[in-house]
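Those protein sequences? They're chains A and B, same order as listed. Numbered per our numbering, the first sequence finishes at 116, counting up by one with no gaps. Numbered per our numbering, the second sequence finishes at 113, counting up by one with no gaps.
These are computed hints drawn from the structure, not numbers from a lab. The reader is advised that the hints may include incorrect statements.
[Unchecked claim] Subject to a maximum C-alpha distance of 25 Å in a straight line, what follows is the list of computed DSS-like cross-link-like pairs (lysine-lysine):
{"hint": "1", "chain 1": "B", "residue 1": "100", "chain 2": "B", "residue 2": "3"}
{"hint": "2", "chain 1": "A", "residue 1": "57", "chain 2": "B", "residue 2": "69"}
{"hint": "3", "chain 1": "A", "residue 1": "57", "chain 2": "B", "residue 2": "3"}
{"hint": "4", "chain 1": "B", "residue 1": "52", "chain 2": "B", "residue 2": "69"}
{"hint": "5", "chain 1": "B", "residue 1": "52", "chain 2": "B", "residue 2": "3"}
{"hint": "6", "chain 1": "B", "residue 1": "52", "chain 2": "B", "residue 2": "100"}
[Stated by the list, open to error] So the derived list for chain B, only partly shown, Cβ under 7 Å to chain A, looks like this:
{"hint": "7", "residue": "40"}
{"hint": "8", "residue": "44"}
{"hint": "9", "residue": "46"}
{"hint": "10", "residue": "50"}
{"hint": "11", "residue": "100"}
{"hint": "12", "residue": "103"}
Note that CB positions come from ideal geometry on N, CA and C, so glycine has one too.
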Amino acid sequence: KAGVTQTPRYLIKTRGQQVTLSCSPISGHRSVSWYQQTPGQGLQFLFEYFSETQRNKGNFPGRFSGRQFSNSRSEMNVSTLELGDSALYLCASSLLRQPANTGELFFGEGSRLTVL
Amino acid sequence: DAKTTQPPSMDCAEGRAANLPCNHSTISGNEYVYWYRQIHSQGPQYIIHGLKNNETNEMASLIITEDRKSSTLILPHATLRDTAVYYCIVRVPIIQGAQKLVFGQGTRLTINP
Numbered sequence: 001k002a003g004v005t006q007t008p009r010y011l012i013k014t015r016g017q018q019v020t021l022s023c024s025p026i027s028g029h030r031s032v033s034w035y036q037q038t039p040g041q042g043l044q045f046l047f048e049y050f051s052e053t054q055r056n057k058g059n060f061p062g063r064f065s066g067r068q069f070s071n072s073r074s075e076m077n078v079s080t081l082e083l084g085d086s087a088l089y090l091c092a093s094s095l096l097r098q099p100a101n102t103g104e105l106f107f108g109e110g111s112r113l114t115v116l
Numbered sequence: 001d002a003k004t005t006q007p008p009s010m011d012c013a014e015g016r017a018a019n020l021p022c023n024h025s026t027i028s029g030n031e032y033v034y035w036y037r038q039i040h041s042q043g044p045q046y047i048i049h050g051l052k053n054n055e056t057n058e059m060a061s062l063i064i065t066e067d068r069k070s071s072t073l074i075l076p077h078a079t080l081r082d083t084a085v086y087y088c089i090v091r092v093p094i095i096q097g098a099q100k101l102v103f104g105q106g107t108r109l110t111i112n113p
């Protein structure tokens, strides 16, 4: 069973540009969430999508956005990039409708963004 | 979600048991304890979770105190590949639209040969 796939794995952008990152969840998983990881702030929740709808959002500016497609694949977009957006962006998928006492998120390898 | 406290770093000899503590004194009755780990440059990996009973799987054991205010993750025979940052997270069970995990700084576990 293929894991969570994120593309691209590495990218370099300059300030002011915008970037789109892609995430393909594990087959059958309908929930996708995104996290930002930086050395200073650690892992922080960005947003979560289920059935093409954003269900939860972290404390990030509106420059950060996302969407989910009917096949559960998700993209996140960061516009007007700033130096501080340099980070590892992680996508995680999970199978909802599972017993409520499980808490397993499956993470991808991440997309490492460098803003110059 | 309740706040957790973990030591920033720990060392363990290869082949020995690694015991990683976590304090969660404000945990509420319906919150579970979850453990994830992150090996360098990889995404976090789920290890185990529990409510109040001790739990064991192929990766680790989770011991939760009777008052549920602290827990210990045990890696019974640590290998070099267990070197990673380990995160203890407490939260309510996943329900639709509530996938958010709040990660602390975790414990950086180093397994020494």
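Hint check:
The straight-line distance between the Cα atoms of residue 100 of chain B and residue 3 of chain B is roughly 14 Å, inside the 25 Å bound, and the hint therefore holds. For the given pair, residue 57 of chain A sits about 29 Å from residue 69 of chain B by alpha-carbon distance, which is inconsistent with the 25 Å threshold. A threshold of 25 Å between alpha carbons decides the hint, and for residue 57 of chain A with residue 3 of chain B the separation of about 19 Å falls inside it, so the pair holds. Between residue 52 of chain B and residue 69 of chain B the alpha-carbon distance is near 10 Å, which keeps this suggested pair within the 25 Å criterion.
At roughly 17 Å between alpha-carbon atoms, residue 52 of chain B and residue 3 of chain B fall within 25 Å of each other, so this suggested pair holds. In summary, the hint linking residue 52 of chain B to residue 100 of chain B is supported, as the alpha carbons are separated by about 22 Å, within the 25 Å threshold. About 11 Å separates the beta-carbon of residue 40 of chain B from the nearest beta-carbon of chain A, more than 7 Å, and the hint is not met. Contact between residue 44 of chain B and chain A, as hinted, is supported at the beta carbon level, the nearest pair being about 5 Å apart and thus within 7 Å.
The closest approach between the C-beta of residue 46 of chain B and any C-beta of chain A is roughly 4 Å, which is under the 7 Å cut-off, so the hint is satisfied. Hint status for residue 50 of chain B: violated, given a least beta-carbon distance of 9 Å to chain A, over 7 Å. Interface restraint check: residue 100 of chain B against chain A, minimum CB-CB distance 5 Å, threshold 7 Å, status holds. Taken as an interface hint, residue 103 of chain B checks out: its beta carbon lies about 4 Å from the nearest beta carbon of chain A, inside 7 Å.
Checked against the numbered hints above, the structure breaks hints 2, 7 and 10 and satisfies the rest.
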